[in-house]
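Engineer: Spelled out, the chains give:
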Amino acid sequence: MTVAIQDLDFEALAAKQQVVQKGVPVKFIFAIFISAIWLVPFYYLIISVFKTTEEYSVNHPLSLPSGITPVFGNAVVAWQQAKMGAGLLNSMLYGVVGAGLAVFFAALASYGLSRIDFRRKNFWFMLIFAGTVFPFQMYLIPLFFGYQKLGILNSQLGMLLIYTAICIPFPVLVLRNYMNGLSREMDEAARMDGAKEFSVFWHIILPNCRGPMTATFLLQFTWIWNDLLFSTVLGNRTEVRSIMNALQVFQGSYSSTGPNVVLTATIIASVPSVLLFFLLRRHFMEGMRVSSI
Amino acid sequence: MSTVSLKELVKVYGREIAVRGIDLEIPDKALTVFVGPSGCGKSTTLRMIAGLESISHGELRLDGRLINDVPSRDRGVAMVFQSYALYPHMTVRQNLEFSLKLAKLPAEEIELRVARAIGVLELGPYLDRKPSQLSGGQRQRVAMGRAICREPQVFLFDEPLSNLDAKLRNQMRVEIKRLQRRLQVTTIYVTHDQIEAMTLADIIVVMRDGIIEQTGSPLDVFENPENRFVAGFIGSPQMNFFDGVVGLSEGRAYFENRHLRLPIMSTRFGDVVTGGERVVAGFRPEDIVPEGHGVDPSHGIELISKVDFAEMLGNETLLFSSVGDTEFISRMQQPRLVEPDETLAFRFNVERMHLFDAETGRSMRTAANKPTEGGIHGFEGKPNGSGDYRVASDRGDERPRGGNSTLPR
Numbered sequence: 001m002t003v004a005i006q007d008l009d010f011e012a013l014a015a016k017q018q019v020v021q022k023g024v025p026v027k028f029i030f031a032i033f034i035s036a037i038w039l040v041p042f043y044y045l046i047i048s049v050f051k052t053t054e055e056y057s058v059n060h061p062l063s064l065p066s067g068i069t070p071v072f073g074n075a076v077v078a079w080q081q082a083k084m085g086a087g088l089l090n091s092m093l094y095g096v097v098g099a100g101l102a103v104f105f106a107a108l109a110s111y112g113l114s115r116i117d118f119r120r121k122n123f124w125f126m127l128i129f130a131g132t133v134f135p136f137q138m139y140l141i142p143l144f145f146g147y148q149k150l151g152i153l154n155s156q157l158g159m160l161l162i163y164t165a166i167c168i169p170f171p172v173l174v175l176r177n178y179m180n181g182l183s184r185e186m187d188e189a190a191r192m193d194g195a196k197e198f199s200v201f202w203h204i205i206l207p208n209c210r211g212p213m214t215a216t217f218l219l220q221f222t223w224i225w226n227d228l229l230f231s232t233v234l235g236n237r238t239e240v241r242s243i244m245n246a247l248q249v250f251q252g253s254y255s256s257t258g259p260n261v262v263l264t265a266t267i268i269a270s271v272p273s274v275l276l277f278f279l280l281r282r283h284f285m286e287g288m289r290v291s292s293i
Numbered sequence: 294m295s296t297v298s299l300k301e302l303v304k305v306y307g308r309e310i311a312v313r314g315i316d317l318e319i320p321d322k323a324l325t326v327f328v329g330p331s332g333c334g335k336s337t338t339l340r341m342i343a344g345l346e347s348i349s350h351g352e353l354r355l356d357g358r359l360i361n362d363v364p365s366r367d368r369g370v371a372m373v374f375q376s377y378a379l380y381p382h383m384t385v386r387q388n389l390e391f392s393l394k395l396a397k398l399p400a401e402e403i404e405l406r407v408a409r410a411i412g413v414l415e416l417g418p419y420l421d422r423k424p425s426q427l428s429g430g431q432r433q434r435v436a437m438g439r440a441i442c443r444e445p446q447v448f449l450f451d452e453p454l455s456n457l458d459a460k461l462r463n464q465m466r467v468e469i470k471r472l473q474r475r476l477q478v479t480t481i482y483v484t485h486d487q488i489e490a491m492t493l494a495d496i497i498v499v500m501r502d503g504i505i506e507q508t509g510s511p512l513d514v515f516e517n518p519e520n521r522f523v524a525g526f527i528g529s530p531q532m533n534f535f536d537g538v539v540g541l542s543e544g545r546a547y548f549e550n551r552h553l554r555l556p557i558m559s560t561r562f563g564d565v566v567t568g569g570e571r572v573v574a575g576f577r578p579e580d581i582v583p584e585g586h587g588v589d590p591s592h593g594i595e596l597i598s599k600v601d602f603a604e605m606l607g608n609e610t611l612l613f614s615s616v617g618d619t620e621f622i623s624r625m626q627q628p629r630l631v632e633p634d635e636t637l638a639f640r641f642n643v644e645r646m647h648l649f650d651a652e653t654g655r656s657m658r659t660a661a662n663k664p665t666e667g668g669i670h671g672f673e674g675k676p677n678g679s680g681d682y683r684v685a686s687d688r689g690d691e692r693p694r695g696g697n698s699t700l701p702r
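Residue numbers (my numbering), protein chains in the order written: chain A, 1 to 293; chain B, 294 to 702.
Among the hints, a few may not be true.
[Stated by the list, open to error] Pairs of lysine-lysine residues, derived as DSSO-like cross-links and limited to a Cα-Cα distance of at most 30 Å, are as follows:
no. : chain 1 : residue 1 : chain 2 : residue 2
1   : A       : Lys149    : A       : Lys83
2   : A       : Lys196    : B       : Lys423
3   : B       : Lys394    : A       : Lys196
4   : A       : Lys196    : B       : Lys300
5   : A       : Lys121    : A       : Lys196
6   : B       : Lys300    : B       : Lys322
These are calculated hints, taken from the structure and not from any lab test.
Using the sequences plus the hints, can you model the full thing?
Structural biologist: Right, dumping it as structure tokens:
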């Protein structure tokens, strides 16, 4: 029997549908409320950078700014006081080189763990992975004295070393799983095609791990960029300190700047990592997709 | 000239034995197919030849050169994998060039070889595509192209068609055969599909449990299976088997059980049957002919039986029936509509009966009666009433051919 479509009561069907969707307004209001909790600090951040220190102290903190020009003055003050130029360059060095090296070493380790047969493979994996289990504070005192002895305290090399080392375990976890999912026949084909071990890694495995490598690179880069702990303890000299460490000049009893300048500085400090995310977002989203061709 | 020689090849994984001793000579330019159920060791054997698995024991020679410990890249073999194993980040052209660039061949030589592979496999339009942009059949062709580019001495195929749909599989099968004929390269092909094996092979190697059960031309293996396993594995639907004993009566030998009494042709079995031994009779579905629907055998024994079920395939119909508890399949070659429970007369073509020792599963066909060149084994001598159903005592003393030349299981 065919249904006579034109005879259907569309009103009734729509009403039925409505019943199913009942309760939506309540959910919607709740969602707006939750979003507001998230958005108010952002709103506060954005409007504050457009205020002068006087404007900030006289008016309500959440009131709209009178113009947009004060942001330039704030930026200049922040840049000069915190020596942000040097801080940004240092952080860029630590972030790009530290995270880059860490991901590359992690890829090497993962290749070994997923492709080469050797005894106690799991033990070695757990040993590397143990690096992420303990709280980082634990390493601080031994590192401090060790660095002091080696003479790499307050040096860029020292900072790069710790950042590279500490960023290896997590990418190993991700990349090992990812490489395990890559077709083994692909390496076998490469081997038969004449590739030696490193060639298989370099020409075949690495290019196919671009997604997860980018994703883990971004995560590790952001972690290094935002790190304050190691930077404060191991690299406090002005020439060596990272951007997050540099922002600390606005803190404490000697600081004379208003919150408008501090907030401007934090926005400037977060621009590079946000930009990097935008640049690499396609790879980041593809990061976890396993290819099996 | 590229012959491959396997001598007592064994592969063990810990305490598991995957290959139990393979002796095989693979002739130059032939397409040899390893076929067998999963876990029979065919892929492991191929991977040992490829150099992807170490050899636990035995010798592997290519053109007489011992290559047990030669890395696969230096063996002069190229392989097409089941999953194609193309490099996903490279275009078709880069996939083809990869091995040649690693070998540091001059650019003109690379260009020439790639062009040749492209020509043979018609890959021209896809050169700049990535594997993910190709269909299954096209990927398969690129995988073959990659092997061709290397100009190997031996091609290895590891179940290359099993990821394709049925239609494409038939098409690619023909293409592989044509390609092999054209390139004249020694080829070893592994499959679990006996139809693929029958259609492609110059030589079939039937394997089970890590040993070779039989080696021969497709027709030879089909017509003269050396044991019950090969008889059941090669041919689709598989051979029907009936348990029984050899009975003697008035100097003639019969296969007998509670429901069947079939004369044993002396021309087919010589004097190997003595009477009383437990045997298994084998008939291919086309040798149990529903009356009037196929070529009626000149020496047919009739059995009236009810059809349980009929599978209509268009050009033929498979009839499922039974004798006692034993089910059998008969092939109706000029089909008509068969109603369930219809009773039909089936004629068992005793000229094409197979007999296997119930204990060992070995075929009881005498070596003397085996055709030498894959021809259909027919009735020898003029039928003379029923006088040819006899136990011939004067046909020489050949014994059934036994087993294979492998290590004991």
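Engineer: For every hint, state whether the structure bears it out.
Structural biologist: Taking the hints in turn, this is what the structure says about them:
no. : hint                : result
1   : Lys149/A x Lys83/A  : 29 Å, holds
2   : Lys196/A x Lys423/B : 24 Å, holds
3   : Lys394/B x Lys196/A : 13 Å, holds
4   : Lys196/A x Lys300/B : 28 Å, holds
5   : Lys121/A x Lys196/A : 22 Å, holds
6   : Lys300/B x Lys322/B : 20 Å, holds
Violated hints are absent here; each numbered hint is respected by the structure.
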